[in-house]
Structure formats: C-alpha cells, structure tokens
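Place chain B on chain A using the hints.
From first to last, the protein sequence lines are chains A and B.
Letter by letter, the first sequence follows residues 1 to 213 of our numbering.
Letter by letter, the second sequence follows residues 1001 to 1197 of our numbering.
Any given hint could be a false lead.
As a list, the in silico DSS-like pairs of lysine-lysine whose alpha-carbon atoms are at most 30 Å apart [as the list claims (entries may be wrong)]: (1) B:Lys1032 <-> A:Lys206; (2) A:Lys9 <-> A:Lys60; (3) A:Lys9 <-> B:Lys1164; (4) A:Lys209 <-> A:Lys9; (5) B:Lys1164 <-> A:Lys206; (6) A:Lys60 <-> A:Lys120; (7) B:Lys1167 <-> A:Lys206; (8) B:Lys1156 <-> A:Lys9; (9) B:Lys1164 <-> B:Lys1032; (10) B:Lys1156 <-> B:Lys1100; (11) A:Lys209 <-> B:Lys1164; (12) B:Lys1032 <-> B:Lys1093; (13) A:Lys5 <-> A:Lys60; (14) A:Lys120 <-> A:Lys9; (15) B:Lys1156 <-> B:Lys1167; (16) A:Lys209 <-> B:Lys1167.
Chain A stretches covered by chain B per the calculated footprint, using a threshold of three residues with CB under 8 Å from any CB of chain B [to be verified]: (17) 12-24; (18) 72-83; (19) 105-119; (20) 161-174.
FYI, nobody ran anything at the bench for these hints, they're computed from the structure.
No residue lacks a Cβ here, since even glycine has one placed at the ideal position from N, Cα and C.
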Amino acid sequence: MANMKELTKGIFRENPVFIIMLGMCPTLGVTTQVFNAIGMGAGVIFVLLGSNIFISLLRKVIPDSVRIPAYIVIIASFVTIVQMVLQAYVPALYAALGVYIPLIVVNCIILGRAEAFANKNTVVDSILDAIGMGIGFTLSLLLIAAIREIIGAGTITLLNLSETTRIVITLPVISKSPVRVLTLAPGALLVMGYLKAYFSWNSERKAAKGGNV
Amino acid sequence: MSYIGILITYIFIQNFILVQFMGLCPFIGVSKNSESALGMGLAVTFVTTVASVVTYMVQHFLLVPFGLEYLQTISFILVIAALVQLVEMVIRKMSPSLYKALGIFLPLITTNCAVLGIAILNVQNDYNLVESLFGGAAAGLGFTLAIVLMSNIREKLDLLPVRKVFKGVPIAFISAGLMALAFMAFDASLVTNLHLV
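This is chain A alone, in the form it adopts within the complex (with noise of 0.2 Å):
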C-alpha cells in the first residue's frame, strides 16, 4: 500500500499545478482548447515516465556534480522524441502546441521530479511517482482547459485532428453568446488566480477541520 501513496501524492497532496506551482507556462499556454491539454498532458507523462526511470536507473552512475546537465540531455532526448512523433502522426496538434512543445524541456515539473524524487528512489517507485505527477499535471490542464473553452467559446472539444476528424461538443446557451477573453491570453491568467484562491481555501478549511480533531 505504501506504493499506492507516491501514486496518489501527485494528483492531490502534492499536484504540481495548484499545489508546488510548477510548470506554468505550458498551463496557461496550450489550454485554450481541451484537446490541447490531453495532447500536452500525454506528452508530459511520456517524458516524465521515460526521464524518471532513466535518472532513476542511473542514480548510481551519473556523478554529483554534473547531475543537472545529465538530467537535462536525458530530458531533451524525450522530448525530442515526443516532438518527432507528433510531428509524424498529429500534425494538426503538433501546429496546435507549436513552441511549447520543445519547452517541455524547462518544464520545472520533469526536472523538479528528477532532482527531488528519481535520483533517491528505485525504479518501480519513481514510475509510480512519473505516472501520478503526470497524471495530477494532466487533470490540471483539463480542468483549466475545460473552464477556459465551455465559458469562452461554449464548446468542448474531444478530438481535433482535422477538418474532418473532429469530435466537438457545441453547448447549447453559452456558445451563442460565450465570453470570449477567456480562450484569449488574460482569461488564463484570470481562471488560474480563481483556482488557486479556490485551492488556498479548501486546504485552509481542511486545515482548521485537522485542528479541531
């Protein structure tokens, strides 16, 4: 059960989002639409995955001194990786994403992990942490996303490979008249204030609950 634990940590306790606060420019940058995030979260987790069982493998082997540089070419190699792939087979959100794709490389959150979990940890427990940090990142993105795209353009948007490979749910009020400057860079900067008040709150009365007990 003790395993359970570093699977769960990161999609409440500890989620990198709302919680530590990493990761923010590609949060705020891809989630105008909630395809967006699936496609960012699932890069993520492949690098987060692919780099924490690297680093985790060759905690032993990589000198002290020199650890940062390796974990960031180990890093860059998967996002590499990632960005090959969607370049090949999903190019429509390979366009979609566009910079921030590359930037998964100083995504504080991959080398955060790496620096404070993977290079103390073994290998089954740092694939543990990879997939609940990845997943605790993902549902962040989707909540904002989600937020972001039905309030401001009154759609939720499943699946968008092409003009025809699409699976777009339209909302029946709110996409006649949707508040527009959410989808746009400010509505990103508002809705993240909002969820992080609404986070301090929760863990603050949960707090004063553990308090009285």
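Chain B alone, transformed into the frame defined by chain A:
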C-alpha cells in the same frame, strides 16, 4: 520585419509573460519587490540577447550544414545552460557589484522558458543574425517591463485589505490577468499601420 518592428512586437504585442506565458515562474516568484524584479529582468534580458546570438550561430553554422536540425532542442538547452554558467563566472570576475545584484537570479534563468522560447522562435521566424539579436533583446525587455510593473502592483497590494485566500499568488495572477487585458490593446495591426513590416 524592421528592427523597430521586432522590438514593438516582442515588448508589447507578443509580450513574453502576458501574452505567451513564458517565464511565468520567476514572474510570480521574484516580483515581490521592485528592486529584485528589476535585477531579474536585466539578468534575463542579458541572457536572452546573448543566447539568441549564440543559438543563431549553432543553428546556422552547425546544425543546418550537417543536417542535424532534429538535435535543435538538445543542443539549444545545453548551449543555454553552459552560457548561463559562463555569464555567471564572467560577471563574478569582472564586476562583483553587478554579481551581487544579479548573481542569485542567474542559476534560475537556465530553466526560464523565455530563453529557450526566444531561441526557438528566432529559428521559426527565419530571423537573420541582427534580427535574432533584436528579438532576444526585445523578449528580455518585454519580460523586464512586465515584471517591474507587476512588482510595483504587488508592493501596493501588500498594503491593501485583500481577502486571506486571495493573498499572495492568487491576487498576483488576477492582477496579471488584468494587465494582460490592457496589453491586448496592442494589436498586430500596430506594426503594419506604422509601416514597420
């Protein structure tokens, strides 16, 4: 695009923080007082400018001639990491007072999206050497503008009665959102209307 056009584009129209969200972590983390915000902004400007020139050379003298474009991400991030180390060492030797002001920010800059971001955008936009230089400088100046404005707002916010759950990061995000709303007034048509294309 003319050089002034590039400057206006990256400082106002495509502001790195408020429009493209690159470098948000230091933007939220280091904007608590205006002095360190200015230091961070200048350090980032310096690194983005130098990194733009160096990554331009890597791209056009190494990667393209040997057909290694797929190594772009790896080589750029390594070059940037090495460059930041080098800048840190040079500043420490040359000017201890500047190092005192910027030193603590330099290690943070390697993982600042803005540096890798402008290097990749320069390549995507097919900029030549001088245009890359201006692109890098403009990206850094846009970052500095946003972070300095933000730090002044946050210094004022500290004195105002903000609800407890909104204190700190949430209100900073909401203020940044309102600032981004103001920056939306700068439209791409500005550059065309001023005949700067």
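When the hints from earlier in the document are held up against this structure, which numbers fail?
8, 20
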